[in-house]
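Engineer: Here is how the chains run, residue by residue.
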Amino acid sequence: MSRVVVAGRNPQDVSSAIGFAKMVADASGSSVVAVALSGGDELGRAVAGIASEAYAISGSGHAPELMLEALGRVAGPDLYAVVSPALKDLTDALARFSAGAGIPMLTEVTEFARGAGGEVTLRRAAMAGRAVAEYSVVPPFAATVAPGRFPAPQPSGTIEVRRLDVGARGPEVLGVEPKRREGVDISSADIVVGVGRGFRSKEDLSLAFRLAELLGAAVGCSRPIAADYGWLPEDRWIGISAKKIRPKLYVALGISGAPQHMAGAMDSKLIAAVNKDKNAPIFQYADYGVIGDLYQVVPALIRRLEELRR
Amino acid sequence: MRIAALVKVAMDPNLMKVEPSGEVSLRQTAMAIAEYDRNAVQAALDLRDKLGGQVAALSASTWGMSSERRKDYEAALREALAMGVDEAHMVLDDSLTGVPLDTARALAALARSLGGFDVYIASEGSSDMVSGQVAPMLAAILGLPAFTYVKRIEPEGGSLRLTRDLEDALETLRASPPLVMSVTGESSKPRLPTLMQIRRAFSKPLKFYSLADLGVSPSGRARRTALRALVQKRKNVYIDGSKPDEAASKLIAALAEEGVIRA
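The listed protein sequences derive, respectively, from chains A and B. Residue numbering for the first sequence follows the numbering used here, starting at 3 and increasing by one per position. Residue numbering for the second sequence follows the numbering used here, starting at 5 and increasing by one per position.
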């Protein structure tokens with residue numbers, strides 16, 4: 003029987019991609035094999051009834067190299083696909099595995115269909131969400147998917163988790179510094195107010211927070227605000243390499259609309275924008291675009307909403 | 005030190021043109037160096053300035069149109085040369101269709117034909133496709149270690165201290181060349197070339213290769229079959245913001261009408 007391997011750093015990662023793995027396995031008559039860098043019993047509970055084999059990696063060193071080695075051991079000669087959530091260490095490991103094995107890979111796959119001749123059709127977003135690229139692929143293949151995009155079946159029963167000892171792998175790790183988090187989840191908010199480089203200082207962001215409060219919205223931001231200036235923590239960063247949002251309403255303030263940002267905001271049902279540059283790309287993506295200075299328009303929006311809420 | 009900066013000639017999503025068929029126009033959409041690849045070039049130049057040596061830009065086409073758009077490919081590579089790269093080499097071949105495995109194989113063959121490099125620097129992903137796999141794939145094909153999503157590069161004796169920017173942590177590693185790395189948009193500040201640099205770029209070596217020149221062919225395991233533009237469903241209603249209070253009332257009324265806010 004051919005195999006679909008689903009890989010994660012931990013059981014949560016595996017669960018976030020196992021829906022896609024199961025779909026591919028069902029379409030191709032394959033079995034699902036789960037492999038994770040941590041979480042023995044917990045991995046078992048997450049994949050029981052869905053996967054037919056589960057492996058917890060034991061070894062020391064650096065995540066991508068440990069996963070790369072593990073993939074080589076569990077893939078077997080009847081590999082049909084390797085899948086993982088689209089996370090950095092996993093994309094890295096899958097890409098190295100694929101190139102080493104000579105199999106094609108696509109990241110952030112959104113659709114899968116099996117063709118008549120055994121080849122498969124895979125689709126993914128391109129051009130900052132303004133286009134869809136379609137590929138015809140001869141299995142085996144590798145793919146990553148946005149975490150949770152394909153709903154996971156409910157686990158049931160039990161499965162034995164086997165230990166996979168891969169020894170010591172990878173370069174010398176000198177240090178790991180966890181990132182500052184506020185624990186806000188902008189990806190599930192109904193309304194998101196986004197702030198960009200149009201704001202001149204960190205203090206001025208209070209305008210956006212007040213507007214968000216009146217709208218019942220979460221505050222997100224573009225890359226420079228989180229990554230360059232550090233005015234907001236990275237869990238508020240909207241973009242292709244950060245959080246993807248899908249609110250009913252996205253209000254973009256002083257955001258130019260760079261492709262990397264818009265790709266993370268494309269699934270918003272309605273987009274409103276305030277920008278003083280009438281040529282800013284954001285207006286191409288906006289349903290309602292106010293061409294004006296956010297330092298005048300946002301206070302006016304706040305005044306108007308305060309009036310209405312009184 | 006021999007340094008390779010991997011440069012993609014990408015299509016600009018903001019200047020996307022669409023054919024009557026609904027396909028993205030490969031003939032008309034503007035092309036330029038992918039946004040973060042400027043960071044890869046700058047990181048390579050910064051490393052050369054610290055350690056000495058040469059920087060070569062390596063590229064492989066992913067959008068075909070090798071004869072129709074040769075000038076655009078050349079212009080993009082001249083920009084890398086103007087930024088300070090010493091020489092540029094590009095695999096320009098219509099049988100490359102943007103399958104990352106094939107792109108990585110072409111780049112590996114190109115690198116080998118040039119005698120190999122000590123450090124390869126790519127960006128974390130291209131602005132048009134954001135596949136993010138070519139750097140680790142290249143490493144695997146060349147049998148080199150890979151360091152992805154690098155935000156900080158610090159030479160330290162004969163080795164490099166690299167800081168990877170992950171979802172929930174910054175991770176610092178010791179790395180010894182030869183190696184492949186991909187860098188993030190924060191890794192460097194790309195400098196705009198001066199007029200003098202732009203002029204000088206025209207006398208620097210720029211060479212094109214076909215896959216046959218390098219003795220490789222696509223894997224045949226995957227091909228891009230379509231690139232369909234999504235129909236923009238956005239309403240594109242403009243509101244004049246020169247009278248802020250009026251604009252605010254209009255926007256709030258429109259959003260309330262849409263049923264997305266309470267007013």
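Possibly wrong hints are sitting among the right ones.
Stated by the list, open to error - As a list, the in silico SDA-like pairs of lysine to any residue whose alpha-carbon atoms are at most 25 angstroms apart:
1. A:Lys204 to B:Ser117
2. B:Lys208 to B:Thr198
3. A:Lys245 to B:Lys208
4. A:Lys278 to A:Tyr297
Note that these hints are calculated values from the structure, not bench results.
Engineer: All hints, please: hold or fail.
Structural biologist: Here's how the hints hold up against the structure:
| no. | hint | in the structure |
| --- | --- | --- |
| 1 | A:Lys204 to B:Ser117 | violated (50 angstroms) |
| 2 | B:Lys208 to B:Thr198 | holds (15 angstroms) |
| 3 | A:Lys245 to B:Lys208 | violated (41 angstroms) |
| 4 | A:Lys278 to A:Tyr297 | holds (10 angstroms) |
The earlier numbered hints that this structure contradicts are 1 and 3.
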